[in-house]
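There are 2 protein chains.
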Amino acid sequence: MRTRPLKVALLGCGVVGSEVARIMTTHADDLAARIGAPVELAGVAVRRPSKVREGIDPALVTTDATALVKRGDIDVVVEVIGGIEPARTLITTAFEHGASVVSANKALLAQDGAALHAAAGQHGKDLYYEAAVAGAIPLIRPLRESLAGDKVNRVLGIVNGTTNFILDKMDSTGAGYQEALDEATALGYAEADPTADVEGFDAAAKAAILAGIAFHTRVRLDDVYREGMTEVTAADFRSATEMGCTIKLLAICERARDGASVTARVHPAMIPLSHPLASVRGAYNAVFVESDAAGQLMFYGPGAGGSPTASAVLGDLVAVCRNRLNGTTGPGESAYADLTVSSMGEVVTRYHISLDVADKPGVLAQVATVFAEHGVSIDTVRQQGKDGEASLVVVTHRASDASLTGTVEALRKLDTVRGVASIMRVEGE
Amino acid sequence: MRTRPLKVALLGCGVVGSEVARIMTTHADDLAARIGAPVELAGVAVRRPSKVREGIDPALVTTDATALVKRGDIDVVVEVIGGIEPARTLITTAFEHGASVVSANKALLAQDGAALHAAAGQHGKDLYYEAAVAGAIPLIRPLRESLAGDKVNRVLGIVNGTTNFILDKMDSTGAGYQEALDEATALGYAEADPTADVEGFDAAAKAAILAGIAFHTRVRLDDVYREGMTEVTAADFRSATEMGCTIKLLAICERARDGASVTARVHPAMIPLSHPLASVRGAYNAVFVESDAAGQLMFYGPGAGGSPTASAVLGDLVAVCRNRLNGTTGPGESAYADLTVSSMGEVVTRYHISLDVADKPGVLAQVATVFAEHGVSIDTVRQQGKDGEASLVVVTHRASDASLTGTVEALRKLDTVRGVASIMRVEGE
Chain S
1 MRTRPLKVAL LGCGVVGSEV ARIMTTHADD LAARIGAPVE LAGVAVRRPS
51 KVREGIDPAL VTTDATALVK RGDIDVVVEV IGGIEPARTL ITTAFEHGAS
101 VVSANKALLA QDGAALHAAA GQHGKDLYYE AAVAGAIPLI RPLRESLAGD
151 KVNRVLGIVN GTTNFILDKM DSTGAGYQEA LDEATALGYA EADPTADVEG
201 FDAAAKAAIL AGIAFHTRVR LDDVYREGMT EVTAADFRSA TEMGCTIKLL
251 AICERARDGA SVTARVHPAM IPLSHPLASV RGAYNAVFVE SDAAGQLMFY
301 GPGAGGSPTA SAVLGDLVAV CRNRLNGTTG PGESAYADLT VSSMGEVVTR
351 YHISLDVADK PGVLAQVATV FAEHGVSIDT VRQQGKDGEA SLVVVTHRAS
401 DASLTGTVEA LRKLDTVRGV ASIMRVEGE
Chain G
1 MRTRPLKVAL LGCGVVGSEV ARIMTTHADD LAARIGAPVE LAGVAVRRPS
51 KVREGIDPAL VTTDATALVK RGDIDVVVEV IGGIEPARTL ITTAFEHGAS
101 VVSANKALLA QDGAALHAAA GQHGKDLYYE AAVAGAIPLI RPLRESLAGD
151 KVNRVLGIVN GTTNFILDKM DSTGAGYQEA LDEATALGYA EADPTADVEG
201 FDAAAKAAIL AGIAFHTRVR LDDVYREGMT EVTAADFRSA TEMGCTIKLL
251 AICERARDGA SVTARVHPAM IPLSHPLASV RGAYNAVFVE SDAAGQLMFY
301 GPGAGGSPTA SAVLGDLVAV CRNRLNGTTG PGESAYADLT VSSMGEVVTR
351 YHISLDVADK PGVLAQVATV FAEHGVSIDT VRQQGKDGEA SLVVVTHRAS
401 DASLTGTVEA LRKLDTVRGV ASIMRVEGE
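For the record, the sequence lines run as chains S and G.
Throughout the first sequence, residue numbering follows UniProt numbering, covering 1 to 429 in sequence.
Throughout the second sequence, residue numbering follows UniProt numbering, covering 1 to 429 in sequence.
Chain S on its own, in the form it takes in the complex (with noise of 0.2 Å):
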């Protein structure tokens, strides 16, 4: 085993961060058997250079995380500050230094993958991201990997814990939106601004790097449909329940029927009770895959927190830190499939959707006319008398979202329809 060790930088100092540094010490014989050589911290960057970190050597911190890049003595820069800046500058400035990174950034890689790439290319040095989609779960490896030699047709995932935590609260206990966010918030599953993740944000730049791997095709975070789950209510659970459904909040990227175009999408929908994604608990991420060959694959663990995220960074930078021993980068960014990344228009699935309606004769005949006249085929109707009002329950054959969003519209504008309840897709049949 080589003697000299490799000098890792870690940026940011963290939940994540901070779990790295503790292992990468308790564990140091392990990396070393592990890498061939050991690896030291060579530097920690930090916003506060006050705050007490156990077993961190306060000579190792340094505000100055630009002059820890420069130092030119760095083999792997760890990169867990997230956000795009300073993040970004930091991770071309070690590319340039002569530094390898790993990163647990999604944000950034979904914003700037490319680019990022480019550089790392550039300088012969490589960029590894396994945490920054699904936390410890491997993902990021078996898809640009393992099925490396298969043709992905489908990626299909809980890929945010906070909203499956919130989602799993309101389907097991019947509670609204606000009261399992506010429950969620209290036990620390949700930040006290919930936005990126409730809004969808965080999924959809997940989604984007998942499609950009499984279809070797550059796909941008504007290039994904997000839909945030703030809207999904009581009343949908009920529905969703008495189609032996349950809500998820998925990630969908698929490749369409001709294999020519993909798309990317983040919204609740319905899946059936019997898909393994529907029996994914609390704050744990799950990622089904569709391959030609392999068929269907399931990836499931926690999504989040700072030791499962921090397994896969060290995963990361043991494979980094063997890649350097050896003079030689993985498998760098494929994006030449090149394929036209659709519209959300063009997503083709089925629909549940609830009208209220007024409650006399003929009312569901208008109604199916509209869906025909937009060529949505109906599969089941359910209405439901109550004071004069009535409330009419539609589940779709698969149809664009083009013809759905049409359909919609047309429905708004008849006389007898009081108002479109809820619109929830339906997946994973």
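There may be inaccurate statements among the hints.
Each pair may be met inside one copy or between any two copies, as identical chains are not told apart.
Unchecked claim - Under the rule of at most 20 Å between Cα atoms (straight-line distance), these lysine to any residue pairs were calculated in the SDA-like manner: (1) K151 - A28; (2) K70 - E96; (3) K51 - T349; (4) K151 - V363; (5) K151 - H27; (6) K413 - R324; (7) K151 - E40.
Please keep in mind that the hints were generated in silico from the structure rather than gathered at the bench.
Since the structure of chain S is already known, use the hints to place chain G on it.
Chain G in isolation, oriented as in the chain S frame:
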């Protein structure tokens, strides 16, 4: 991209091999783009050359596998013959003649993995075998690479599709073992001679491979305790149901709580219905991995079949070809931890024991005394009397297998114990 192709020799052209050849042809452009050079099927060694093989140039077919691997211009040998010989000699010959190897051969890897890894290392070549365990499910790569920075404590999995199909059928229909086996055979899930599957030999080979990788320790096939599932009865399933459990044939690789030793075993076991492995249906496989930092991960998918296995083989092929172009090799055997592999007696778990006893006062006291004398603490007891006979179902707390064995021997000597109807371990709690 390099234009000179990498040459692949395929040993075996059965269900898996023909699928590997087919995908190499139909996905040639994708494979070339992902590898960075085209791959060419340079030869196919078969036993029956006269058989028509659609899509394979007859000029490539040979019965002389040895001459094929000795050609000297082969970059990668794909071995999908199975069995010990001639596969072992062909693989070592391939290394000697400059080729790297992708194998799907669990029996060979479990028996001679160390020697094969040594041969690969000696010649600076790769030995990859993702397809040897759990078909298409990425498992070797996640354990060996994604979790390289973590400490794996347990691998608990359903790694044999045939037995899972049979047990699932028994569970869902109340059928007995023979009836369920007959159905599995009729549907092609079980071979004419099902011994390797139902007696746990296949799962034991996979357990040895998984334990070796998970614990960075050589685990020989002989180190794996093995108990088949032919004795599992419909009555066992009724008992399991009463406990809120089902029965699965599990491969379990565990680190002892003191961290100094490991065990590997294959046997039927009760697991709670709430455990994710309980809902693995039909011929699917799933493996649960528990580690210090990542927590609980699960990997699920088709565990066998031509296409899924070919997917795993081709993923390895892409990786090995990339390594070759980069003039490097991937991670080899990692056995540095060299932990003690303990025997079954050291395994600590819970037990479900059904006894046929005389229906008279004092029997429970006698039985309970035997458990106490052997240091096995009882969790619950259920007595059922019928026609002068009674059954006693005891569920224990955690105890060593050695203590349990001693207890059962002593129970058999009691006059009041007519027989030990079944002993089943309880896992996954």
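Cross-check of the supplied hints:
1. K151 - A28: For K151 and A28, the Cα distance is within 20 Å only across copies (12 Å; inside one copy 38 Å).
2. K70 - E96: For K70 and E96, only the intra-copy Cα distance (8 Å) is at most 20 Å; the inter-copy one is 45 Å.
3. K51 - T349: neither (51 Å within a copy, 44 Å between copies)
4. K151 - V363: For K151 and V363, the Cα distance exceeds 20 Å both inside one copy (46 Å) and across copies (63 Å).
5. K151 - H27: Between copies only: 8 Å across, 37 Å inside.
6. K413 - R324: Intra 64 Å, inter 64 Å, cutoff 20 Å: neither.
7. K151 - E40: This pair counts as between: shortest inter-copy Cα distance 19 Å, intra-copy 40 Å.
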